[in-house]
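Trainee: Reassemble the complex: the two chains are provided individually, in unrelated frames, and hints are given to aid placement.
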Amino acid sequence: MALLETRNLIARYGDFQALFGVDIALDQGETIAIIGANGAGKTTLMRSISGILVNQPGAVLFDGAEIGALPAPDIVARGIAMVPEGRKLFPSLSVEENLLIGRYGRAVDGHWSLDTVYELFPILRERRANPGTALSGGQQQMVAIGRALMSNPRVLLCDEISLGLAPVVIKDIYAAFPRIRAAGASIVMVEQDIGQALMVADRVYCMMEGRITLSGAPSDLTREKIHAAYFGVA
Amino acid sequence: MAWLDTIIQGILLGGLYALFAAGLSLVFGIMRLVNLAHGDLIVLAAFLILVLASVLGLNPFIAALVAMPLMFAIGWALQFFLLNRTLGTDILPPLLVTFGLSIVIQNGLLEGFTADSRRISVGGLESASLAIGPINVGVMPLLTLASAIAVIVGLNQLFYRTSLGRAFRATSDDPVTAGLMGIRPKRIFATATGIAMVVVTIAALYLGTRANFDPTIGPARLIYAFEAVIIGGLGSLWGTLAGGIVIGIAQTFGAAINPEWQILAGHLAFLLVLLVRPRGLFPRAVD
Chain A
129 MALLETRNLI
139 ARYGDFQALF
149 GVDIALDQGE
159 TIAIIGANGA
169 GKTTLMRSIS
179 GILVNQPGAV
189 LFDGAEIGAL
199 PAPDIVARGI
209 AMVPEGRKLF
219 PSLSVEENLL
229 IGRYGRAVDG
239 HWSLDTVYEL
249 FPILRERRAN
259 PGTALSGGQQ
269 QMVAIGRALM
279 SNPRVLLCDE
289 ISLGLAPVVI
299 KDIYAAFPRI
309 RAAGASIVMV
319 EQDIGQALMV
329 ADRVYCMMEG
339 RITLSGAPSD
349 LTREKIHAAY
359 FGVA
Chain B
2 MAWLDTIIQG
12 ILLGGLYALF
22 AAGLSLVFGI
32 MRLVNLAHGD
42 LIVLAAFLIL
52 VLASVLGLNP
62 FIAALVAMPL
72 MFAIGWALQF
82 FLLNRTLGTD
92 ILPPLLVTFG
102 LSIVIQNGLL
112 EGFTADSRRI
122 SVGGLESASL
132 AIGPINVGVM
142 PLLTLASAIA
152 VIVGLNQLFY
162 RTSLGRAFRA
172 TSDDPVTAGL
182 MGIRPKRIFA
192 TATGIAMVVV
202 TIAALYLGTR
212 ANFDPTIGPA
222 RLIYAFEAVI
232 IGGLGSLWGT
242 LAGGIVIGIA
252 QTFGAAINPE
262 WQILAGHLAF
272 LLVLLVRPRG
282 LFPRAVD
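From first to last, the protein sequence lines are chains A and B.
Each residue of the first sequence is one higher than the one before, counting from 129 in my numbering.
Each residue of the second sequence is one higher than the one before, counting from 2 in my numbering.
Be aware that one or more of the hints could be misleading.
Examples of chain B residues lying across from chain A (beta carbon under 10 Å, computed) [unchecked claim]:
#1 Phe62
#2 Arg170
#3 Gly183
Residues from chain A shown here face chain B by an in silico Cβ test under 10 Å; the list is partial [stated by the list, open to error]:
#4 Ala197
#5 Pro199
#6 Met210
Quick caveat, the hints were computed from the structure, so don't treat them as lab data.
Small disclaimer: the values here were computed from a predicted structure and weren't measured.
Even glycine gets a Cβ: it sits at the ideal position worked out from N, Cα and C.
Bound conformation, chain B alone (with noise of 0.2 Å):
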């Protein structure tokens, strides 16, 4: 049974993965923009459940809540005011302007909060588990890929069942056009930051809940999402959640193996899909 229980925390774990890449996924699939401020991003909204939560007396899933419409509003501003400067056909400046946010929202959050590790505290359920057979499973974990999940059809409903997913679609597709149809493509873009911002705050609740973070960790983060997302196929969010689950797997099996090889083998498998699959597991049919 061991080998069926490191397969479920693999899973459980790419749950967390395919949060950390959803959001990347999403603004790269609209801007073809590749945000390397992504995984610091994440580490600013844990940090600001963990404000909101000490501070406030929250919850840190009604934190979360609350942090939302804020992360909402900073991802909509980087964007409509910051990043729509850099789009164009050149991609050096998105690449060169998201490295130096990261820069900055590193030392910013090492000013603010020191270099000390946190953990957002969510009492019992940090410990609580469900026998499922043989196996026991973590609520928390549970939770992460459940709210993974979630998310992913979330944003499948929006991009395919609404009248804004049309829109995400359409300036994807031709910005210029778009604007014939009366889309502005300027916020669209910013909108779908800001969405991006909404799926890392989710993110950053488990990442806070899961493991100790400090202002350092977000580059890190930031390659797993990258992992994911280019596992699953470049702009696919079910591949996004997929490419997460084939890194979580590959850890908890290298980590089954030998402890010291729990990161390695997320990277080999990453490695091993793009020598087989390039264009990943589910590229999307239009590019």
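This is chain A alone, in the form it adopts within the complex (with noise of 0.2 Å):
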């Protein structure tokens, strides 16, 4: 049984519909990778997933549970957190404080702390009293990240975390992966660098309007075939 799974999901922003019927599956242990060009409809399966978007019960099980229709309070608590499009820190916040409010209202047993994030992190301890949105992109991305790991998620979704990025900052957040994976987390990820996905993901998942065209291990996933389900043309 899967870890996490969507089945024939379907959402909507009201009459226009962004997916249609969704499948994909997340086992335990597992990095899966979502790539697709803009407006495939990735970050919106991320939102369906987190609780953002409401979906019918079924639609997503997480543990062989009907999670799809809970909202996003509840889908944290269950154990799966989400690194937002966009970062979306807390302005009002500290760096340290955007990490605190990630286990907010709940004692977590688990491998991340404070401690175990600034590890992960150095530079963060540095900044610690700094506004979050005071830090460079890649810098806030990191905060985003952590914030997400205090609450000691089972999956941890990151969409687009490469995003707006420099190629060697991108390197030094996908040097943490490693880490993340075997403090015992399963991860989603959303990538438009399909080179990086690629490479850090067991299986990928392609998305074009809506829909799944191809899914399969990378080595299994020759160029054109990903060239086909990306852009919809043989």
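Mentor: Following this line, the structure appears as structure tokens:
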């Protein structure tokens, strides 16, 4: 049984339908990447899993339980945390406060704490008292990842974490992921950078116009197949 | 020494206005909600203290302590079940609903208590005073200012030293992302309004012991509260105290020149600050 699964997931923004029956599965300890062009529905998929968009109960399953209709606070309480697109740090909070808010209102057991997050991203310890939004883009992304880790999630959803960052910064951030996986988190990663996605993921799903158009292990996906699934051309 | 006395009396009066304004500032700072019923809620709390003191025979200070959890519950329920439904990108619904609420409260109080003026008696404390050098300072006004400072310090501690305070600020910044942290914005907003109603109860105690009140005086208290909040800078708690003191000093100076100018002088000071510093004296860095 998959740890996290979507079954015939449909999402709408008012009259506009953004997802058309999306099926994905994430196994324990696995990293999957969702790739696709702008507007393919990747972020909508993340928002649906994380509870920002509410669905039919059975459209999202976590550990066998139907969670599709639960709101975001209930989803994170069950062990699914999200690093949202654009980082979305809280401007009123310092770096450390941004991290602490990641485990608001509950005692959380597990590997991740302020100390272990600071070990993962040492620069954050030096900047702990600064406003979160005063940091560089890469450092803000580290705060956003650390904030999600503070809830000790079983599943970490990462939405476009490399967006707008310099290659050297992206490399630094991705260097942290083996430790995150080793600590027990399974990862769903939305990426536009296909090369990066193929490098870190155990399996890849490609989306186009709200549908999954290709899936498989990176070693099974040829450049031509990805090109066809990504752009809809043979 | 008359001018020094005027300034000190103005500062003490400012404490009362700061108490009027602190709850309004709290609610606006977190939810960007302008509560037009704020003044009427102060009057409602004053009547609640009056009833508790007269029916149960409680000392007004004890009655206020009893009223606080009741007002917290009223504020929590009001926000959770009614005002949360009005929040969104359009500022008009909360204005209309709280305006309606103001009318409901006023008419409800008129039905229950008539239009007669009331006062909460604190016995000898009303006329007690302390001599500070050449100036005599009333004990109740001094308590009012001390309470205002304690409320501002307490709210600042809550905001910047506690997990709940972090949740208030995070939810104020971005309620959707706050939800991803496990925060329930509607409950956070309800808690904030509940706390604002506790502050309102403290303000009501000093309003009711300082002067007569009746069911219709709420809107005037709202105006003083608004002016203090805007002078101080929207969402800034210390600014709210400063704003209250500015109005208080302006009013006592106005009254010293001509008693009929007291209220007018406060409003003129407000307009002057708006002209010079449109965002107030201590605007929040993040808006």
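Trainee: Now, for every hint given, state plainly whether the structure supports it.
Mentor: Outcome of the hint check:
Interface restraint check: Phe62(B) against chain A, minimum CB-CB distance 33 Å, threshold 10 Å, status violated. A distance limit of 10 Å between C-beta atoms decides the matter here; for Arg170(B) the minimum to chain A is near 4 Å, and the interface restraint holds. For Gly183(B), the interface hint holds, since its Cβ comes within 10 Å of a Cβ in chain A; the closest pair sits about 5 Å apart. Hint status for Ala197(A): violated, given a least beta-carbon distance of 15 Å to chain B, over 10 Å.
For Pro199(A), the suggested interface contact is upheld, since its CB lies about 7 Å from the closest CB of chain B, less than 10 Å. A hinted interface residue such as Met210(A) counts as satisfied when its beta carbon comes closer than 10 Å to some beta carbon of chain B; here the least separation is about 5 Å, so the hint holds.
Comparing the model with each numbered hint stated earlier shows that hints 1, 4 do not hold.
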